[in-house]
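Q: These are the residues of each chain, in order.
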Amino acid sequence: MNVCFTLNNAPTELDVGPGERLVDVLRARGYMGTKYGCGTGECGACVVLLDGEPVNSCLVLAPRVEGKEVITIEGVGSPLQPHILQEEFSKAGAVQCGYCTPGMILSSLALLARNPNPTREDVLRALDGNLCRCTGYVKVVDAILSAAARMRERKES
Amino acid sequence: MAKLLPRLEYYHRPRTIEGAKKLLRQGKRTTMILGGGVSLGMIPRKQITDVIATEKLNLDYFIAGEELIQLGAGLSLGSAARQLEPHDDGAARLIMEAISRTATTPLRNLMTIGGVLAGVGPWSDLPVALLALHTTLVIDGDQKIELERFLLEGPAKVLSRSGLVTEVQVQRTGEISGSFMKFGRNTTDLAMASAAVSRRHSPGYDAEIRVAVGGLVARPKRLADVEEFFLSERQGEVDRSSLLDLVSKTVTPRPDPRAEKEYRLNLVTQLIADCWEDLLEEGQR
Amino acid sequence: MKTHDTKVVGHSVLKIDALGLAMGRASFTDDFTLPDMLHARLLTSSLAHARIKAIDANDALSLPGVAYILTPENSPRVFHTTAGQGFPEPSPYDSVMFDWKVRHVGDKVAAVAAVTEDIAEEALRRIRVEYEPLEAVFDVERALAPGAPVIHDEAEARAVIPVTYEPKRNLAAEVSFSVGPVDELWERSELRFNGEYGVHRASHCAIEPHIAIAYLDADARLIIRSATQVPFHARRIVAQVLGIPAGRIRVIKPRLGGAFGGKQEVILEQIAGLLCLRTGKPVRLRMTREEVFLTSRTRHGQRLRLRSTVNQEGRVTMLDLSTVLDTGGYGSHGLTVATNTGSKVLPLVNRTEAVRFSAKTAYTNLPVAGAYRGYGATQGSFALNVQMDEMARALGMDVLDFWKRNHIRQGESSPVFQALGEGTEGVPMTIQSCGLEACLEQGACAIGWAQKHGKNQKGRFARGVGMAALMQGSSIPRIDMAAASIKLNDDGSVNLLVGATDLGTGSDTVLAQIAAEVLGIPIDKVIVYSSDTDLTPFDTGAYASSTTYLSGEAVRRAAEDLGRGVRRVAGKMIGEDPATLVLEDGNVKSPRSETSLGDVALRTLYQEEQEQLMGTASAYSEQSPPPFSAHFVEVEVDRLTGRIAIIEYVAAVDCGVAINPVLAEGQTEGAVINGIGYALFEEYLMDSNGKMRNPNFIAYRIPTTRDFPNITTILVPTYEPSGPYGAKSISEISINGPLPAISNAVFDAVGIRLRHAPFTSDRVWSALRSI
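Residue numbers (our numbering), protein chains in the order written: chain G, 1 to 157; chain F, 1 to 285; chain V, 1 to 771.
Hints are supplied without guarantee of correctness; some may be wrong.
[Said to hold, decoys possible] Each pair of labels, with its calculated beta carbon distance range: (1) V:Glu73 with F:Ser160: 20 to 28 Å; (2) F:Glu262 with V:Arg51: 37 to 45 Å; (3) F:Lys261 with V:Glu130: 35 to 43 Å; (4) V:Arg706 with F:Arg45: 26 to 34 Å; (5) V:Asp217 with G:Thr119: 34 to 42 Å; (6) G:Asn117 with V:Arg125: 22 to 30 Å; (7) F:Ser160 with V:Gly751: 39 to 47 Å; (8) F:Ser160 with V:Ile244: 35 to 43 Å; (9) F:Glu281 with V:Arg706: 47 to 55 Å.
Keep in mind the hints are simulated off the structure, nothing from the lab.
Note that beta-carbon positions come from the ideal geometry of N, C-alpha and C, so glycine has one too.
Bound-form chain G, shown alone (with noise of 0.2 Å):
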């Protein structure tokens, strides 16, 4: 079946298969950031936003997502201009195997877009749907933090 909506700001129509998870049918597409770590919707590598919101797009049918608008980390930033906090996530070694890293990046953009000056806590709880094996999420914080720091002083600049 087709379905028609915004992906990275691009109006796109697709042919799924009607029970085709949304990240199969964006990795079948080259969309290779959205990574499958459990299917069950526990570990988060596969969170998009979804009008803005993230979500687990191993628990979304493709047909969901009709008429709305997805962003995948292929839309945030750019190679040779990447995002304040794909930057500060590198500058706080809050990359390490970078698997879980892409669905870090969608949940804080969206903390952020709401909440520009986040608490720890704000953090803490914005993430809890993004499993890292690897961190300890101690630097993920810390990058999500002075990147809010940055943004902010962007915005006001």
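Use these hints to put chains F and V onto chain G, whose structure you have.
A: Frame of chain G; chains F and V shown alone:
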């Protein structure tokens, strides 16, 4: 990865409740109503051929009126929490607390109010809090059923008669204070035990206390004996061992590989008592 | 301590692959697809112990889209070990690709390759397997008792090095040594301690599941992209199992989505490879999360007994550690995890008059154990540190002071080093760097030990502090080898080719820093490629805490080798003695003149006496210098629910010189939180038929952001003379701390001694009720 629903042939997107009901009537055993779809991760449904999706039913509304909070069945838990946030009354806060302890941020953005109620089980958090409030469900847009009755009879029975949950109505009149607590192995675990306690003062009426528990029972359950116990309790510290006796008499825990029944009975007792003390403290403030 | 004025080493340069990963750029095994690629799935056993009487795949084969099905009937019966270790392996040859017997729930029975995963999955359901159920055994003691069902009754199962291996008794490995009058000390000591400690099975839970993709190149060589820690061992094992020369196989390791020991196991590569050879098509085989739990590997559960004696002055005079390991259905790493339980733990307390260690590894019909970060030290450290706390309390001493009277120091040794090797005798070693005392002091100070310890709190919520002292190793002496090569490009940049395997730890960055330091170039001039059996030199792989220490040393030597060539040519160019030239800021300098690496490259590549300047080197170690660490934790115990809340955690670590401090901290923080999850709630919940009841992240919990405590990492600098720029290892050690530190902190808080992990709230509650 394998498909989420490998046999799915039709993804129906009815735009009216009537349309949805019609599809439901025509449906086979392999037809299902889809809320957020989160339960598909937990309970694979390999045989499903038809899905009746609820996203085009315009049920994702949130109305906070004088007397009622109305939550459309299609509203995601995440969205509900964001819209409840500015509201400062006890009912809103109790719902908020239960939502914030449900699953994780991305899952809450998928889970819907309707899905949470239709798929209610031992893992449910929000229904425990709702049960501690005066909550009514709207079925098929026009029939109402008390949440308590819905839970006693079971969603399968209630919904097979009529159809789909379309709205949840929570009364917010009177002065309500409430508390929700949940216990799992870690913060985002499915509840091993959960409890919600509310107290409502309405002018001209006696104070009313509601106590509901989840986690160790098949569906959230009100504990009338415990409510009586608190009504007779003087303000102060709870006699937790009497409470444990009472809880043990009225709650039969289902098996849970995570811990023995005796422990979980203790756990739910502590949670109820903590909720109660939390509520008293709030009253003093 | 030697100090070095270094420009790149010792600095937290940006992890070289971080930004690309943060952009979500295609990097991992599964991010590449090939035309006509088939998708494979495994059929696994639902029974814990059974013989396969018949297997019928005809119905499945007739399903449109099914390309090939491997079963015991049509797969090679080559006995091997899946443990990716040096050759000949210390693990027994007790595995075949698909056997006529299943030995645990989740054991491999067959594999289907089909055009989609859905078809492959449907085909799995259509394979009919006729089982003859056998009595199963789920307990190590029972497994080792006479009359127990024999799990490996096949004649071919064997050890390939001279070690104890008695499969007829379900004994997969045995090791022991004894120095000094153990029993005599036990008999005559007044202060003696004897405790049993239980440590459980757990899953690594790398977020990327195990995956391999196999395809044929234009010359029909078998190419395997794999999420592996051990590409070279994988090549060797695939060659062995498929009966083709290693030269016909190429294993490529792209970015890895975490491993922690779980990907030191060669399980999928040979199956994907064979399906590819049989079909001629690319084959992708990825485990589901459930398969990762059931069919890949776990930590070895252990039942340890520690006996000790101590004299009135507070010196430990004897340690006697014995343990039984549960290796599950196959003996992967069964011997070496056993030995490491002693060798990476007992030397910490080296002022004893006697020390004994014995270990038995038993087969059971449970999921298969293997390598897991910590590798035995996690289990042994628990027993030792809890008993040290018990001893200190019995003596009325602060455990911190007690440790200071007993721990190993620089210039000292332990008989354990010589006694325990990996399937052989060990290697004697004198400690050349030890910052444990500083770790103990700085960690205690950071947590506020003096103010918080021994407070005996009343009330519902009680706080306490606990600590643990730890060591690990850095590579396996006389066994591991790492190699690197490095070549100079036109612009003065270099390609660094290493067999070392970056699992996400950042080892590519650390190795690039070492090369940059030697050659006096900025880090962005070092282009790292790891690891590819066709292109990079050999490396035993990323395990045994070896990469920084051993692969780093190989890189240092290779860069020195290239540096000599650069100086030789530059000397000619600027008319100076090469020996006097210094590599700095991308230039080759004498006090009088200089030229650039780029100019040296241009001359050698295009202009005069042309040659490719390159360096190559290997490293091999006679020793395994331990990193040391002291961990401290403050907990709060809720007496009514048994919940343990972690208030604060401090890990002070001596890893020698931290080549990249931020990455070293990251290793520590990640290990600590994994250790905390393991101590508190990560657990296989098994039913009475040996079936795991929680094989998914819904029911098997691992820590999330909302569970994470304040973690403070203190890097205590020392200088390890045998390591590159003074470095030792860091990646494993810190997973060993949380179990004992938390157990000791709970005792400090509420007076219960938790000797069996995990410390779930119900167990704590039960223990609290029984005092």
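Q: Decide, hint by hint, whether the structure agrees.
A: Comparing the hints with the structure gives:
A hinted range of 20 to 28 Å for the beta carbons of V:Glu73 and F:Ser160 is inconsistent with their spacing of about 48 Å. Checked against the hint of 37 to 45 Å, the pair F:Glu262 and V:Arg51 passes, with Cβ atoms roughly 41 Å apart. Remark: the range hint 35 to 43 Å for F:Lys261 to V:Glu130 is upheld by a beta-carbon distance near 39 Å. At about 30 Å, the beta-carbon gap between V:Arg706 and F:Arg45 stays in the expected band of 26 to 34 Å.
Here the CB-CB span from V:Asp217 to G:Thr119 is close to 54 Å, at odds with the stated 34 to 42 Å. Our hint of 22 to 30 Å for G:Asn117 and V:Arg125 is violated, since their Cβ atoms are close to 53 Å apart. Taking 39 to 47 Å as the suggested C-beta distance range, the pair F:Ser160 and V:Gly751 does not conform, at roughly 55 Å. The given range of 35 to 43 Å is broken by F:Ser160 and V:Ile244, whose C-beta atoms sit roughly 60 Å from each other.
The hint said 47 to 55 Å for the Cβ distance between F:Glu281 and V:Arg706, and at roughly 23 Å that hint is violated.
In terms of the numbered hints stated before, the structure departs from hints 1, 5, 6, 7, 8 and 9, listed from lowest to highest.
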